[in-house]
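Here is what each chain is made of, one letter per residue.
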Amino acid sequence: MPGNNFSSLPDELQLATAAHVKYIQSLDTRKDEYEYWLTEHLRLNGLYWGLTALHLLGHPDALPRNETIDFVLSCQHDSGGFGAAPGHDAHMLYTVSAVQILATIDAFDELETRGKGKGLVGKFIAGLQNRESGTFAGDEWGEEDTRFLYGALNALSLLGMLHLVHVDKAVQHVAACGNFDGGYGASPGAESHAAQIWTCVAALSVAGRIDLVDTDKLGRWLSERQTPSGGLNGRPEKKEDVCYSWFVLGSLEIIGKTHWIDREALIKFILGCQDTEKGGISDRPGDAVDVWHTVFGVAGLSVLRYPGLQPVDPTYCMPKSVIRRVLGK
Amino acid sequence: MPPKGKTVAKPKEAEKPTPPSTTTTSSPTQPTTVNDRTKQRIEAINPLSAAVTRAGGISHLAPAERTLYINARFAQSPTLRAKLGTKAQRDLWRHVNEASLPVRTLLPVIPKTNIWGSDKTGRDVGTYSPEEFAARSQRRNRLTCLLVASRAFEARRERARRGVKDPVTGEVVMVAENEVDQERERRREMDALRRELYGVKTGSYAQDPEWDGVVPVELGEQEGELAAIAYPEEYAEAISYLRASMLRKEYSPRTLRLTEHVIKLNPAHYTVWLYRFSILSALNLPIPGEINWLNGIALSNLKNYQIWHHRHLLVDHYYPTIASDPAALASFAASETDFLSEILERDTKNYHVWSYRSFLVRKLGMWKMDNERERRSVEAMIEDDVRNNSAWSHRFFVVFNDPEQSTPDVAATEPDPAVPGDIIEREIQYARNKIYLAPQNQSPWNYLRGVLVKGGRKLAEVEGFVGEFVKNLGDDEKEEVRSSHALDLLAEIYAEKGDREMAATCLKRLGEKWDPIRYGYWEWRRGMLEA
Numbered sequence: 001m002p003g004n005n006f007s008s009l010p011d012e013l014q015l016a017t018a019a020h021v022k023y024i025q026s027l028d029t030r031k032d033e034y035e036y037w038l039t040e041h042l043r044l045n046g047l048y049w050g051l052t053a054l055h056l057l058g059h060p061d062a063l064p065r066n067e068t069i070d071f072v073l074s075c076q077h078d079s080g081g082f083g084a085a086p087g088h089d090a091h092m093l094y095t096v097s098a099v100q101i102l103a104t105i106d107a108f109d110e111l112e113t114r115g116k117g118k119g120l121v122g123k124f125i126a127g128l129q130n131r132e133s134g135t136f137a138g139d140e141w142g143e144e145d146t147r148f149l150y151g152a153l154n155a156l157s158l159l160g161m162l163h164l165v166h167v168d169k170a171v172q173h174v175a176a177c178g179n180f181d182g183g184y185g186a187s188p189g190a191e192s193h194a195a196q197i198w199t200c201v202a203a204l205s206v207a208g209r210i211d212l213v214d215t216d217k218l219g220r221w222l223s224e225r226q227t228p229s230g231g232l233n234g235r236p237e238k239k240e241d242v243c244y245s246w247f248v249l250g251s252l253e254i255i256g257k258t259h260w261i262d263r264e265a266l267i268k269f270i271l272g273c274q275d276t277e278k279g280g281i282s283d284r285p286g287d288a289v290d291v292w293h294t295v296f297g298v299a300g301l302s303v304l305r306y307p308g309l310q311p312v313d314p315t316y317c318m319p320k321s322v323i324r325r326v327l328g329k
Numbered sequence: 001m002p003p004k005g006k007t008v009a010k011p012k013e014a015e016k017p018t019p020p021s022t023t024t025t026s027s028p029t030q031p032t033t034v035n036d037r038t039k040q041r042i043e044a045i046n047p048l049s050a051a052v053t054r055a056g057g058i059s060h061l062a063p064a065e066r067t068l069y070i071n072a073r074f075a076q077s078p079t080l081r082a083k084l085g086t087k088a089q090r091d092l093w094r095h096v097n098e099a100s101l102p103v104r105t106l107l108p109v110i111p112k113t114n115i116w117g118s119d120k121t122g123r124d125v126g127t128y129s130p131e132e133f134a135a136r137s138q139r140r141n142r143l144t145c146l147l148v149a150s151r152a153f154e155a156r157r158e159r160a161r162r163g164v165k166d167p168v169t170g171e172v173v174m175v176a177e178n179e180v181d182q183e184r185e186r187r188r189e190m191d192a193l194r195r196e197l198y199g200v201k202t203g204s205y206a207q208d209p210e211w212d213g214v215v216p217v218e219l220g221e222q223e224g225e226l227a228a229i230a231y232p233e234e235y236a237e238a239i240s241y242l243r244a245s246m247l248r249k250e251y252s253p254r255t256l257r258l259t260e261h262v263i264k265l266n267p268a269h270y271t272v273w274l275y276r277f278s279i280l281s282a283l284n285l286p287i288p289g290e291i292n293w294l295n296g297i298a299l300s301n302l303k304n305y306q307i308w309h310h311r312h313l314l315v316d317h318y319y320p321t322i323a324s325d326p327a328a329l330a331s332f333a334a335s336e337t338d339f340l341s342e343i344l345e346r347d348t349k350n351y352h353v354w355s356y357r358s359f360l361v362r363k364l365g366m367w368k369m370d371n372e373r374e375r376r377s378v379e380a381m382i383e384d385d386v387r388n389n390s391a392w393s394h395r396f397f398v399v400f401n402d403p404e405q406s407t408p409d410v411a412a413t414e415p416d417p418a419v420p421g422d423i424i425e426r427e428i429q430y431a432r433n434k435i436y437l438a439p440q441n442q443s444p445w446n447y448l449r450g451v452l453v454k455g456g457r458k459l460a461e462v463e464g465f466v467g468e469f470v471k472n473l474g475d476d477e478k479e480e481v482r483s484s485h486a487l488d489l490l491a492e493i494y495a496e497k498g499d500r501e502m503a504a505t506c507l508k509r510l511g512e513k514w515d516p517i518r519y520g521y522w523e524w525r526r527g528m529l530e531a
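Going line by line, the protein sequences match chains A and B.
All residue numbers for the first sequence refer to the UniProt record's numbering, where the first residue is 1 and numbers rise by one.
All residue numbers for the second sequence refer to the UniProt record's numbering, where the first residue is 1 and numbers rise by one.
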C-alpha cells in the first residue's frame, strides 16, 4: 500500500473543513431560494445528512441542539411516524432520519417527554412490514424497496426494538434480491446497484447475518467500481460519483475489503470535488455542491482514515462514538 | 379624512368676498394634484388661516386682520366663547356678522399627512393628478359593482344548493352553467382590478367558483415566511388547496385536476402522487387513461421515481380486471413494452424504469409472451450498446426466472437443474459473441460467469475461448492481454484445475500491469491460492 502522506498534498487537495461547516450551517438560512421549497420533501433527510457531516468533521455543535430537536419533533405525526417537514405525510425514510438525528444528538429522552414516545415510533415502523414477505413499505401505500427494509432495521436497532419485526423474514427477502454478479438490487430481479447493495449489506449487518453474503464475489464486483479517475461508480459502465464513495466503500468496509481498492486515488478524487471557498462537495469535479454529496464524501474520507475526521460506522453512516453510546458496543 | 359634504361650508358663504387684506392672495391656479386641489379648497373656505400661514404667524398680520382672525377662532369654538361674558359674546357675533366670516369650515389639514392612502406601488394617492384620480375612482366603482354581482351569484347558488323556490316564479332556483362561466369571468376582472388598484393578487383557485367553500390550508409558521420571499405564488396556492382537499378526503374530478397541477409544478412531491392514486381508486377511473397521461409526465421527468411507483400501483390495481383475459393481458403488455422502449431510448440505464420492467414481466407473466418479445427487445438494446449493464441484467432475469424453465426460490447465484441445457448453451454463445465486440466490457463477462454457474458448468468449459484474449503470459515483452476480465477468469480456471502456479502468474500480472488500481484485491486473491 502506498503511504498516506496527506500533509504534503497541495492546498486544493486538503479537506476544507471550515468551509464545509459554514456551508452546512447556511443551508437552513436559504429560505429565499425557490430550490429550498422545492426540496421541502427532503427536509428531514437533509438535516440528517448535514448533522452527520458536521459530527464527522468534528463540529458536533455547529447546529443549535434545541432547535434541531424542535424541528424534528414538529415533523412527527400521531401515528408515531415522521414526515419530511411539518404537514408532510409520515414515511419510513423520514422516520429513520428522525431517529438517526435524535440518536446522534442524544435526544431520545426528548422524544419521550416532548414527542410521542419511542414506543409509537417503533410501532409505526413495525406496522410497515409485510409479514408474509418480510419486506417493508415506505408508507401506508405500500411501495417496497430494500431502502425501506434497511431503514427499518437501522432505526429499530437504534431504538432497541428489533424484536417488533420478523428479522428472519426480512433477511430472507434481502437474500432474494441477490444477483448472479454477486450484487444486490432494489427488488428481486432488479439490477445490482451500489446504493442498493449498501442497504442490503448494512441490513444484513444490523441483523447479524453477514454470513449470508458471498463476500469474495461481492467484494470483487464492488472493487470493480473504481474507475481510472480514482472515483467509484454505482454500476458497470457508468460515471463515477462521490456518493458511491460511500455506498461502495461503506459496503466494502462492512465486509472488510476496503483495501481492495486504491485508497489514495479515491481520496484525491473526493477532495477534487470540493468547493474549497464556499464549502460543500459535488458529484464530480466542477459540478454544483449539495448536502447529500457532502455527507457521503466526508463519510468516505472517514472510512479511508483521512486525518482529522471522526470515525464513521459503515453500517449506520453515523459517528462510531454515537453507535457505541446507543448500542453499547 | 376626505372632505364630507355636510362639513363643507355653504357655497353662499364661501363665495362671499373675503375681507380686504394687506397680504394679497394669488388667485388659485388649476390644481395639478389631488393634494393641491384639497389645499385650494381648504384655503378657499379658511381665508384667514391661509393668511396667517402666508404671513408667518398671527403677530405678523395687520391689526384689522388679526382681530378678524381671532374673532373667527372664537366664533368657531364654543369652548373659547364660554370664556367670554355675555356682552363680549354679543360684540363677537356682531363683528362676525359684519365681516361675513364663515363659521362652519373644513378643519385645516395637518401638513404632510397622507389623507388619500397609498396605491399598490406605495405612491400617495394625493399626488395623483385629478384625471388619474378620477380613473382610479372609476375602477373602484367598477370593482364594487362586480362585488355586488358576485355576492348575488353566491347567494343564488346557495339558494340553489338548498333547493329554495323563487318567490316570483315559484320554481326551484337553478344555477346554469353559463352563470358559473360569467362568475368566473367576473372574478377574473375583479382580480385584475384588485391587482391594479391594491397590488393584491387572487390565486387561480381563489378565482375559480368551482373551488368556493374550500378554505385553503396555508402552510404553518415556518412556511408562513413564504409570503415574503420569492416563492412562486402559484405553487404556494396550489399546495394550500391540496392540503385542504386531502384533509377533507375529497375525491373528485376537481381534486384530480389539482393533483395534476401540483405534479406539473413539482413531480417530486411524494404526497400528491399518493393522493392522486386514492382519487383514481375512489372514482374508479379507467387505468389505461391514467397510464396514458402518466407517459407524458414520465417522459419529461426521467429521474423521478414517484412516477414509477405510481405506475406500479396502477398495474397492481388494474391487473385483476384483465388477469383472466389473455388477449387483454397481451395487449396491455405490448403497450407497456412499447412505452418502456420509448423511454429507455432516451435514458438507456434508468434504474427506476428497469426495476419497473422486471416487476411488470413477473406480474403479467411476460416470459414467453408474443414470441419472447421481452428477450428480443432487450437483445435489440444490447445490439445498440453492448455496454448497457441494465439490459444484460434484465436479460438474465428474463431467461432464468421463467417459471416454465426454472425452479422457484433458487438464488440467482445457484445452479438450477430445471434450466434446459440448450438454453445454457445459447446464453454462453450469446455472451461470447458480445465479448468479441468489446473484450474489456465487464457486463458480458459477468454474464458468462453467471450462466456457467446457473448451468452447473465448470469454468474450464470456456478455457479455449478465454485463452484467445491472453497471449504469451509472463513474457514481459510479448505479453498481450486484450481483457483484464479474461485474465481474471483464466486465473480462476487454473485454480479450478489445481494449477496454482499459472493462477498466481495471472493474478500477479493483473496487479502489476493490467489492473493496478485493484492491486490490493489481486494480491489478496494470490494469497488465497496458498491457503
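Derived from the structure by calculation, the hints contain no laboratory data.
Treat each hint with caution, since some may be false.
Unchecked claim - Subject to a maximum C-alpha distance of 20 angstroms in a straight line, what follows is the list of computed SDA-like cross-link-like pairs (lysine to any residue):
#1 Lys513/B <-> Glu264/A
#2 Lys217/A <-> Gln440/B
#3 Lys249/B <-> Gly87/A
#4 Lys238/A <-> Lys201/B
#5 Lys217/A <-> Lys458/B
#6 Lys239/A <-> Thr348/B
#7 Lys217/A <-> Arg526/B
#8 Lys303/B <-> Asn233/A
#9 Lys201/B <-> Arg142/B
#10 Lys238/A <-> Asn350/B
#11 Lys239/A <-> Lys249/B
#12 Lys239/A <-> Asp347/B
#13 Lys513/B <-> Ser229/A
#14 Lys513/B <-> His259/A
#15 Lys238/A <-> Lys349/B
#16 Lys217/A <-> Asn350/B
#17 Lys303/B <-> Gly87/A
Claimed, not checked - Quick partial rundown of chain A residues pointing at chain B, CB under 8 angstroms, derived from the structure:
#18 Phe108
#19 Asp181
#20 Arg220
#21 Ser223
#22 Pro236
#23 Glu237
#24 Asp241
#25 Glu264
Note that beta-carbon positions come from the ideal geometry of N, C-alpha and C, so glycine has one too.
Checked hints:
no. : hint                  : result
1   : Lys513/B <-> Glu264/A : 18 angstroms, holds
2   : Lys217/A <-> Gln440/B : 19 angstroms, holds
3   : Lys249/B <-> Gly87/A  : 15 angstroms, holds
4   : Lys238/A <-> Lys201/B : 48 angstroms, violated
5   : Lys217/A <-> Lys458/B : 17 angstroms, holds
6   : Lys239/A <-> Thr348/B : 14 angstroms, holds
7   : Lys217/A <-> Arg526/B : 15 angstroms, holds
8   : Lys303/B <-> Asn233/A : 17 angstroms, holds
9   : Lys201/B <-> Arg142/B : 17 angstroms, holds
10  : Lys238/A <-> Asn350/B : 11 angstroms, holds
11  : Lys239/A <-> Lys249/B : 44 angstroms, violated
12  : Lys239/A <-> Asp347/B : 14 angstroms, holds
13  : Lys513/B <-> Ser229/A : 17 angstroms, holds
14  : Lys513/B <-> His259/A : 18 angstroms, holds
15  : Lys238/A <-> Lys349/B : 9 angstroms, holds
16  : Lys217/A <-> Asn350/B : 25 angstroms, violated
17  : Lys303/B <-> Gly87/A  : 25 angstroms, violated
18  : Phe108                : 24 angstroms, violated
19  : Asp181                : 4 angstroms, holds
20  : Arg220                : 7 angstroms, holds
21  : Ser223                : 5 angstroms, holds
22  : Pro236                : 4 angstroms, holds
23  : Glu237                : 4 angstroms, holds
24  : Asp241                : 13 angstroms, violated
25  : Glu264                : 11 angstroms, violated
In this structure, the hints that do not hold are numbers 4, 11, 16, 17, 18, 24, 25, in rising order.
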